[in-house]
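Colleague: Protein chains in written order, with the numbering used here: chain A, 1 to 456; chain B, 1 to 629.
No lab work stands behind these hints, which were simulated from the structure alone. It cannot be assumed that every hint is accurate.
Said to hold, decoys possible - Think about it this way: if two alpha-carbon atoms lie no more than 27 Å apart in a straight line, the pair counts; the simulated BS3-like pairs of lysine-lysine are:
| no. | chain 1 | residue 1 | chain 2 | residue 2 |
| --- | --- | --- | --- | --- |
| 1 | B | Lys-292 | A | Lys-426 |
| 2 | B | Lys-362 | B | Lys-564 |
| 3 | A | Lys-167 | B | Lys-422 |
| 4 | A | Lys-167 | B | Lys-292 |
As the list claims (entries may be wrong) - Across the chosen pairs, the derived CB separations fall in these ranges:
| no. | chain 1 | residue 1 | chain 2 | residue 2 | range |
| --- | --- | --- | --- | --- | --- |
| 5 | B | Pro-238 | A | Leu-200 | 53 to 61 Å |
| 6 | A | Arg-74 | B | Phe-289 | 29 to 37 Å |
| 7 | B | Asp-581 | A | Tyr-188 | 35 to 43 Å |
| 8 | B | Lys-292 | A | Lys-413 | 29 to 37 Å |
| 9 | B | Glu-241 | A | Asn-197 | 39 to 47 Å |
| 10 | B | Lys-150 | A | Arg-106 | 43 to 51 Å |
| 11 | A | Ile-166 | B | Lys-362 | 47 to 55 Å |
| 12 | A | Ser-350 | B | Pro-503 | 46 to 54 Å |
| 13 | B | Leu-239 | A | Glu-196 | 54 to 62 Å |
| 14 | B | Phe-289 | A | Gln-414 | 31 to 39 Å |
| 15 | A | His-54 | B | Asp-581 | 29 to 37 Å |
| 16 | A | Gln-203 | B | Pro-238 | 53 to 61 Å |
Heads up, the beta-carbon is just placed ideally off N, CA and C, and yes, glycines get one too.
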Amino acid sequence: MLFDTIAAISTPIGEGAIGIVRLSGPESFGIVDKIFKANVDKLDWEDRKLKYGHIYDGDHLIDEVMIVKMYAPRTYTREDIVEINCHGGAVPLREILRICLREGARLAERGEFTKRAFLNGRIDLAQAESIMDLINSKTNKGFDIAINQLEGHLSNKINMIRSELIKIMAEVEVSIDYPEEDIEEITYDALGSGLENAALQIQNLLKSSNTGKIIREGLKTVIIGKPNVGKSSLMNVLLKDSRAIVTDIPGTTRDVIEEFLSVDGIPIKLVDTAGIRETEDLVERLGVEKSKSYFNAADLVIFMLNGAEPLSPEDHMLMEKVKDKPAIVLINKSDLEQKIELESISDIFSNEQIIMTSMSNESGIQQLEDEIKRLVFGIQIDQGNQEIVSNTRHIALLEIALKHINEALNATKQSLPYDFIEVDVKEAIVQLGLVTGESVASDLMQTIFSQFCLGK
Amino acid sequence: MIRTFDAGYYDCIVIGAGHAGCEAALASARMGVKTLVLSINLDSIAMMPCNPSIGGTGKGHLVKEIDALGGEMGLNIDRSFLQSKMLNASKGPAVHSLRAQADKHKYHTEMKRVMENTENLTVKQAEVIALNIENSKIGGVITKTGAFYKAATVVLATGTYLSSKIFIGEAEILSGPNGLAASYELGDSLRDANIELRRFKTGTPARVDKRSLDFHKMEIQWGDKEYELFSFLNEDIPLDEMPCWLTYTNVNTHEVILGNLDKSGLFTGTIEGTGPRYCPSIETKIMRFADKERHQLFIEPEGRDTNEMYVQGMSSSMAEDVQLAFMRTIPGLENVEIMRPAYAIEYDCVDPLSLNLSLEFKNIRGLFSAGQFNGSSGYEEAAAQGIIAGINAALKVKGEPPFILDRSEAYIGVLIDDLVTKGTDEPYRMMTSRAEYRLVLRQDNADARLTEKAYNIGLVTEERYAKFMEKTQMMQQEIDRIATTNLKAEDVNPILIELGSSPVLQSMKIIDLLKRPEVFYKHLECIDITRPDTLKKDVIKQLEVTLKYEGYIKKQLQQIEKFKDLEERKLSADLDYSKIDNLRLEARQKLDDVKPLSIGQASRISGVSPSDISVLLVYLEQMRRKKDV
Numbered sequence: 001m002l003f004d005t006i007a008a009i010s011t012p013i014g015e016g017a018i019g020i021v022r023l024s025g026p027e028s029f030g031i032v033d034k035i036f037k038a039n040v041d042k043l044d045w046e047d048r049k050l051k052y053g054h055i056y057d058g059d060h061l062i063d064e065v066m067i068v069k070m071y072a073p074r075t076y077t078r079e080d081i082v083e084i085n086c087h088g089g090a091v092p093l094r095e096i097l098r099i100c101l102r103e104g105a106r107l108a109e110r111g112e113f114t115k116r117a118f119l120n121g122r123i124d125l126a127q128a129e130s131i132m133d134l135i136n137s138k139t140n141k142g143f144d145i146a147i148n149q150l151e152g153h154l155s156n157k158i159n160m161i162r163s164e165l166i167k168i169m170a171e172v173e174v175s176i177d178y179p180e181e182d183i184e185e186i187t188y189d190a191l192g193s194g195l196e197n198a199a200l201q202i203q204n205l206l207k208s209s210n211t212g213k214i215i216r217e218g219l220k221t222v223i224i225g226k227p228n229v230g231k232s233s234l235m236n237v238l239l240k241d242s243r244a245i246v247t248d249i250p251g252t253t254r255d256v257i258e259e260f261l262s263v264d265g266i267p268i269k270l271v272d273t274a275g276i277r278e279t280e281d282l283v284e285r286l287g288v289e290k291s292k293s294y295f296n297a298a299d300l301v302i303f304m305l306n307g308a309e310p311l312s313p314e315d316h317m318l319m320e321k322v323k324d325k326p327a328i329v330l331i332n333k334s335d336l337e338q339k340i341e342l343e344s345i346s347d348i349f350s351n352e353q354i355i356m357t358s359m360s361n362e363s364g365i366q367q368l369e370d371e372i373k374r375l376v377f378g379i380q381i382d383q384g385n386q387e388i389v390s391n392t393r394h395i396a397l398l399e400i401a402l403k404h405i406n407e408a409l410n411a412t413k414q415s416l417p418y419d420f421i422e423v424d425v426k427e428a429i430v431q432l433g434l435v436t437g438e439s440v441a442s443d444l445m446q447t448i449f450s451q452f453c454l455g456k
Numbered sequence: 001m002i003r004t005f006d007a008g009y010y011d012c013i014v015i016g017a018g019h020a021g022c023e024a025a026l027a028s029a030r031m032g033v034k035t036l037v038l039s040i041n042l043d044s045i046a047m048m049p050c051n052p053s054i055g056g057t058g059k060g061h062l063v064k065e066i067d068a069l070g071g072e073m074g075l076n077i078d079r080s081f082l083q084s085k086m087l088n089a090s091k092g093p094a095v096h097s098l099r100a101q102a103d104k105h106k107y108h109t110e111m112k113r114v115m116e117n118t119e120n121l122t123v124k125q126a127e128v129i130a131l132n133i134e135n136s137k138i139g140g141v142i143t144k145t146g147a148f149y150k151a152a153t154v155v156l157a158t159g160t161y162l163s164s165k166i167f168i169g170e171a172e173i174l175s176g177p178n179g180l181a182a183s184y185e186l187g188d189s190l191r192d193a194n195i196e197l198r199r200f201k202t203g204t205p206a207r208v209d210k211r212s213l214d215f216h217k218m219e220i221q222w223g224d225k226e227y228e229l230f231s232f233l234n235e236d237i238p239l240d241e242m243p244c245w246l247t248y249t250n251v252n253t254h255e256v257i258l259g260n261l262d263k264s265g266l267f268t269g270t271i272e273g274t275g276p277r278y279c280p281s282i283e284t285k286i287m288r289f290a291d292k293e294r295h296q297l298f299i300e301p302e303g304r305d306t307n308e309m310y311v312q313g314m315s316s317s318m319a320e321d322v323q324l325a326f327m328r329t330i331p332g333l334e335n336v337e338i339m340r341p342a343y344a345i346e347y348d349c350v351d352p353l354s355l356n357l358s359l360e361f362k363n364i365r366g367l368f369s370a371g372q373f374n375g376s377s378g379y380e381e382a383a384a385q386g387i388i389a390g391i392n393a394a395l396k397v398k399g400e401p402p403f404i405l406d407r408s409e410a411y412i413g414v415l416i417d418d419l420v421t422k423g424t425d426e427p428y429r430m431m432t433s434r435a436e437y438r439l440v441l442r443q444d445n446a447d448a449r450l451t452e453k454a455y456n457i458g459l460v461t462e463e464r465y466a467k468f469m470e471k472t473q474m475m476q477q478e479i480d481r482i483a484t485t486n487l488k489a490e491d492v493n494p495i496l497i498e499l500g501s502s503p504v505l506q507s508m509k510i511i512d513l514l515k516r517p518e519v520f521y522k523h524l525e526c527i528d529i530t531r532p533d534t535l536k537k538d539v540i541k542q543l544e545v546t547l548k549y550e551g552y553i554k555k556q557l558q559q560i561e562k563f564k565d566l567e568e569r570k571l572s573a574d575l576d577y578s579k580i581d582n583l584r585l586e587a588r589q590k591l592d593d594v595k596p597l598s599i600g601q602a603s604r605i606s607g608v609s610p611s612d613i614s615v616l617l618v619y620l621e622q623m624r625r626k627k628d629v
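Turn these sequences into a full structure, and let the hints steer you where they fit.
Modeller: Written out as structure tokens, the structure reads:
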């Protein structure tokens, strides 16, 4: 047997009411039989049926659980799999994992379940990577895209482009290998338009990739504004409106609060710099390296102004900083008497960017969410069934393929001999094949699988 | 079984003296190994039973490579050609493909003469009816007359002679090609040795009487005025050129054929063998491409001393009277007289998956095979395998490791890797598009790619090696010279302007001028005063190609580096794939069949998926780690 038995906590540690510890490998049934006690005959277990019982560490009760056994090869990894559904929260999950490891399982490496699925021939490369996205995806929209990819949308699309290129190649090759046959030779024009068409299709796929990246990683959004302008209230309103996914991400410093929220399926990573000492001078605070880097890396800046006050010098300085970024200006406290100089603001920002809000009656929130959507998806609000490239490696491969096609196009325009043009077309075909796993470079696996999060 | 007698011992015995057999026997003998070549008929040594030409797309590359290795094919066609043409001359230098029309009889006599006068080589007429194999090791061969020749190695190069059958309409004739005796007993002996045989088919068009043709109705086809030769050793050979002729079929031709399909062996189902897709008979062409109104035919001379003309494009297995009837519908052929009718031929061959990259059988030590017997088609493909089989038989005798060219080194490498790794379902023809690294595998650099390698194994003569070194040196000196010699702007600009190339502002190095696509050596001749008079044509050509396409060639070299990385991850030949559970069943079987030598080779096997390759990679890694512990 090539593989041993691995185990991992398969659900995020944190809020969930239920958590799952998963085992895969030849020993997984044996291990579970040793630690699980139930009122039924263990041998009686049917494939993929939940059983109720308890996990014990010796005589010591650990948790009340539901367990499912899945028999090879009809499983995710094509090996025997057990999933232990226990109570969420760190303690029961870690305890159960600890016992499994003690009984002979090995802690799974990053991406090892998926790696096994892949090595056992269960999924192709693009699918494997989609599964990674599926696990990492923070909200529903991302989920849909991951599912789409999983079903091979992207693979189909890429295979289509690839086979079109192969078709063009075939025409070129025929004229080279059969120069004396009575076959019409492909013209540079025909070759050029075929290549242009392929380039265009790849460009379209790549256009969707920015959207894809945001959907996978979240829209990095920074809220800035003077103290007491209503930043915390905005955050609270947004969070109340949507489902907070993760709070207090470990590893981030306490002085910056990061929240994940979802606006109609678009994950938003909201950074409130409010955690940094409020008393400090605001402009100076922006100069603080950390805030600066957040600000610079932001996909979107939400700039809040107090509508009930005239613009301060600080506000003017902030406007200068914000104007070159994708930004939404919220003029808050719209329920109070407005004293702000609207003209100075609309000199700098477009009408769509300026939204009047009031945190006390939650007005303007819908406009804000609409504007965020518009920014993320450009003009196409609904992606429907379109292919969205959301994986960094796919993007890189498509970009390389596009580069080669462009070089081939260039050579076509210079009327270079076909055998030179063909070098780049062939390379583009190879690169496209790498997305769907049609051809393999040996360092590929390593790169891919190191990207996977633990447990899948 | 007849009484046998001891006929002596040879280090290497080659069965068959066609294009594969000749190169195999010559290579082995030239490497100092005592060699015997046996042919059913010595008058058929290096016989060309089909087209009267050598070379062509992909094939020209093979001939140049055989020559660079010290083989005979290039030299022999240079002695016997009637016309020469560089195909694809208007396309890039990588796909320039030389093809020469051959005087078939001269090609045969010249090759026979060379064979007869080669040291260490014995040429005999005999039909081998059995192999002597003991403990999975070759021991010798037995002939029809009872001679038992012991041998350390044997090369099978039986071509289309093995259990062959000829079809002309309803006539089925037990015969080898061209009416020569075939071999009907050897096949059983091979089957007894657990060599699985299968049936392939090929065909050849009619030969017609020159006096019965009206050439006024055809287009004359001359070769190149300034022609290149095949062999690196030859520089100038004068030529009294003979032309070919072009004519076309028409709807009448097609009607006659369609009306008589019941008289074709191909369509009545009597032929079992698999024929090649790329070389269809005229009846297949008309059936498959029904909307095509005409098909072209080339009428080519078979030799200087014969009236026989070859009708290229008219391969057929139809009845002789039907052949005559449809040919007479063609302009210029209205009164044609057939001298030899077209025929289809079926023969036994081996599945090349049973061979190693060295062309040695996996299950029988010392037994090699080459040529059409391995499922290929064409003289050049046969010769290419022949020289490799001969080399490896000789190396085996000497106890040295096999000589294997990979896909990035030679078309020969592509050919053999394709055959033994992917197998073939039809007679395999070389095509330039089969080579991934075409820009590097050019005709003009075949010597640079291969001569040194062949010299190291003792195949290349001192004469050739000295000439090769001389060229290499000349090339280096010339590169140094043009990289340091400047041409003045006022001298070079008039030339550049005339060529439509942008003028230079200050003096420029020759090497940089030559990198421009429109500037060639000949253009700079009058102002390049330090150019040595001795500079050879082939040096100039090779330099121009490498300079002008430098960027592309570099790109390809990078691809080759990646390729080599996978080729260098070796797999042991005794790896038991059935023990690697995570491989899919199909992959396990295929890997077990092929026994690839590297991950790279494994990845080219059909039925082995990327995930199987990753299983193998994981497995190799595990083995490596275990070893380290």
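Colleague: Decide, hint by hint, whether the structure agrees.
Modeller: Hint by hint, here is what the structure shows:
1. B/Lys-292 - A/Lys-426: Violated, at about 31 Å.
2. B/Lys-362 - B/Lys-564: 24 Å, holds
3. A/Lys-167 - B/Lys-422: Cα-Cα ~22 Å, so holds.
4. A/Lys-167 - B/Lys-292: Holds, at about 21 Å.
5. B/Pro-238 - A/Leu-200: 53 to 61 Å: At 56 Å between Cβs, range holds.
6. A/Arg-74 - B/Phe-289: 29 to 37 Å: Given a distance of about 48 Å, which is not inside 29 to 37 Å, the answer is violated.
7. B/Asp-581 - A/Tyr-188: 35 to 43 Å: Roughly 52 Å apart at Cβ, these two residues miss the hinted range, so it is violated.
8. B/Lys-292 - A/Lys-413: 29 to 37 Å: 33 Å, holds
9. B/Glu-241 - A/Asn-197: 39 to 47 Å: 46 Å, holds
10. B/Lys-150 - A/Arg-106: 43 to 51 Å: 59 Å, violated
11. A/Ile-166 - B/Lys-362: 47 to 55 Å: 33 Å, violated
12. A/Ser-350 - B/Pro-503: 46 to 54 Å: For B/Pro-503 against A/Ser-350, whose Cβ atoms are near 51 Å apart, the range 46 to 54 Å holds.
13. B/Leu-239 - A/Glu-196: 54 to 62 Å: 46 Å, violated
14. B/Phe-289 - A/Gln-414: 31 to 39 Å: Given about 34 Å between the Cβ atoms, the range holds.
15. A/His-54 - B/Asp-581: 29 to 37 Å: 34 Å, holds
16. A/Gln-203 - B/Pro-238: 53 to 61 Å: 58 Å, holds
Hint violations for this structure: numbers 1, 6, 7, 10, 11, 13, all remaining hints satisfied.
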